[in-house]
Amino acid sequence: MPVKVAQEWFAICGGCEVTVLDVGEPLLDLLPELEFVHMPVIMDHKLFGQTGENSTADIPEADVGIITGGIRNEENRHLAELMRSRVKFLIAMGSCACYGGIPAMANQFALEDLYERVYRGNSTTDSGETPKGAVPALLDRVYAVDEVVKVDLKLPGCPTTPDMFAGAVLHLLKGTPFALEEKSVCDQCPTLREKKSVAALKRPLEPIEGAGEPLETVRCLMEQGFLCQGPATRAGCGGMDGGTPRCIKAYMPCRGCYGPVRDDANPMVDMMGALSTIGLDPAQIPDRAAQFNRFAGAKGRLRAAPKR
Amino acid sequence: MSENGFEPLIIVYTCYWCSYTAADLAGTSRLQYPPNVRIIRVQCSGMVHPNLVIDALTNGADGVLMCGCHEGDCHYLEGNLRAKSRADAIKMMLDDFALEPERYRLEWVAASEGPRFAQVMTEMVEQVKKVGPSPYK
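Chains A and B supply the protein sequences, listed in that same order. Quick note: the first sequence uses the working numbering, first residue 1, plus one each step. Quick note: the second sequence uses the working numbering, first residue 1, plus one each step.
Rather than coming from a laboratory, the hints here were simulated on the basis of the structure. Take these hints with a grain of salt, some might be off.
[Unchecked claim] List of simulated lysine-lysine pairs, DSS-like, C-alpha gap at most 30 Å:
(1) A:K195 x B:K84
(2) A:K249 x A:K183
(3) A:K183 x B:K91
(4) A:K202 x A:K183
(5) A:K4 x A:K132
(6) A:K88 x A:K174
(7) A:K46 x A:K88
(8) A:K183 x A:K88
(9) A:K183 x A:K150
(10) A:K46 x A:K150
(11) A:K4 x A:K46
(12) B:K137 x B:K91
(13) A:K202 x B:K91
(14) A:K150 x B:K137
(15) B:K84 x A:K183
(16) B:K91 x A:K195
(17) A:K174 x A:K150
(18) A:K202 x A:K249
(19) A:K249 x A:K4
(20) B:K84 x B:K137
(21) B:K84 x A:K202
[Claimed, not checked] Just a few of them, taken from the derived set where beta-carbon distance is under 7 Å, the chain B residues facing chain A:
(22) H49
(23) S85
(24) A89
Because the structure is a prediction, the values reported are computed rather than measured. Every residue, glycine too, gets a C-beta built ideally from N, C-alpha and C.
With these hints in hand, go ahead and build the complete structure from the sequences.
Next comes the structure, spelled out in structure tokens:
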């Protein structure tokens with residue numbers, strides 16, 4: 001009997017759903033064993049019945065539930081709780097579901113300030129009232145899924161790599177445990193580290209020394225002066241077999257999309273510590289909180305500045 | 001006891017070579033300083049990662065003090081310089097965590113400076129008592 005899978009998406013761009021399709025040929029082997037019962041992005045299955053005949057939203061019972069995206073509004077929260085009650089095993093997929101992701105950068109501002117900015121204070125927008133009633137009300141901030149309901153497995157990444165998704169599903173089907181390693185991107189980065197201090201910060205658009213040459217001969221991007229978030233970011237973007245991290249492969253500094261190495265770590269503190277240790281003036285770093293918590297703003301890592 | 005009965009908890013990281021010896025000296029010289037401090041001996045002030053300071057302050061400590069050798073005296077040559085550059089980053093981050101700057105301090109205390117160690121402890125406790133309990137308590 002195939003394993004039933006229900007999927008729902010919340011505050012997300014849709015990239016993690018593409019990951020599922022991006023699995024490629026291994027997906028063909030998996031498909032006979034999977035039965036998607038609810039997945040808005042690929043199938044027409046409506047929450048209130050196909051003709052809207054039901055008065056309450058429902059998600060069919062399933063063995064595995066996948067939630068992508070953070071919890072931004074009341075509807076998201078309701079559906080997350082509903083999903084949890086309908087599935088046996090819940091996977092939070094993608095950095096938005098695990099850590100808040102890009103939408104959680106809004107957590108730096110109080111909700112009222114956001115409304116003010118979006119609906120009124122903006123010079124390119126006709127000022128108006130904040131919509132009420134017709135659309136689900138926003139929560140006070142963006143939440144990671146595991147702040148709202150219990151999550152059994154987290155697969156971070158922006159997006160999650162296809163082979164991490166496929167690997168997790170395979171382990172689930174076999175009933176073997178699956179866990180991510182607590183390693184940083186630097187552990188899997190092949191660039192040369194010479195332990196020299198950094199003179200000055202470079203902007204990401206400045207040319208990278210050695211771009212195009214084999215990575216083993218390229219000097220560590222952090223040592224070159226680029227803000228590479230590798231030291232404070234979980235490894236895994238290179239694939240399950242520990243391949244070269246994706247951004248590094250393209251001669252770009254890590255942006256931290258796999259979230260913190262440990263769940264309770266704060267990448268901003270880690271990175272500020274790492275940078276000040278190699279002799280960089282911490283005042284040089286603009287907007288450190290959002291820069292280093294770009295993908296991990298939920299769980300109180302990004303918050304509105306307190307009014308003193 | 002302070003007026004409002006608030007007794008702060010202060011974590012003190014002291015380096016093995018200078019500041020912990022100074023604490024020892026303060027003890028053997030029978031110098032008095034407030035009992036609010038909890039001393040954690042580390043090998044060098046340069047090994048106190050900002051994580052340890054922020055974690056302490058966000059998990060119940062009211063203040064954190066880092067003590068190391070005077071500049072130029074570090075047993076490991078430049079560990080205390082590293083501590084100094086980290087201190088700049090820590091001071092900036094206190095603001096991000098809505099913590100008052102008075103809760104963190106970096107001080108150089110040499111092995112022979114027992115009285116100074118006692119004085120720094122007294123000052124730090126007074127300083128934190130003025131700001132009140134940590135908002136994370």
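Now for the hints, and whether the structure bears them out:
no., hint, verdict
1, A:K195 x B:K84, "holds, 19 Å"
2, A:K249 x A:K183, "holds, 18 Å"
3, A:K183 x B:K91, "holds, 28 Å"
4, A:K202 x A:K183, "holds, 26 Å"
5, A:K4 x A:K132, "violated, 37 Å"
6, A:K88 x A:K174, "holds, 16 Å"
7, A:K46 x A:K88, "holds, 21 Å"
8, A:K183 x A:K88, "holds, 29 Å"
9, A:K183 x A:K150, "holds, 24 Å"
10, A:K46 x A:K150, "holds, 24 Å"
11, A:K4 x A:K46, "holds, 17 Å"
12, B:K137 x B:K91, "holds, 20 Å"
13, A:K202 x B:K91, "holds, 24 Å"
14, A:K150 x B:K137, "holds, 26 Å"
15, B:K84 x A:K183, "holds, 28 Å"
16, B:K91 x A:K195, "holds, 25 Å"
17, A:K174 x A:K150, "holds, 22 Å"
18, A:K202 x A:K249, "holds, 19 Å"
19, A:K249 x A:K4, "violated, 36 Å"
20, B:K84 x B:K137, "holds, 28 Å"
21, B:K84 x A:K202, "holds, 23 Å"
22, H49, "holds, 5 Å"
23, S85, "holds, 5 Å"
24, A89, "holds, 4 Å"
The earlier numbered hints that this structure contradicts are 5 and 19.
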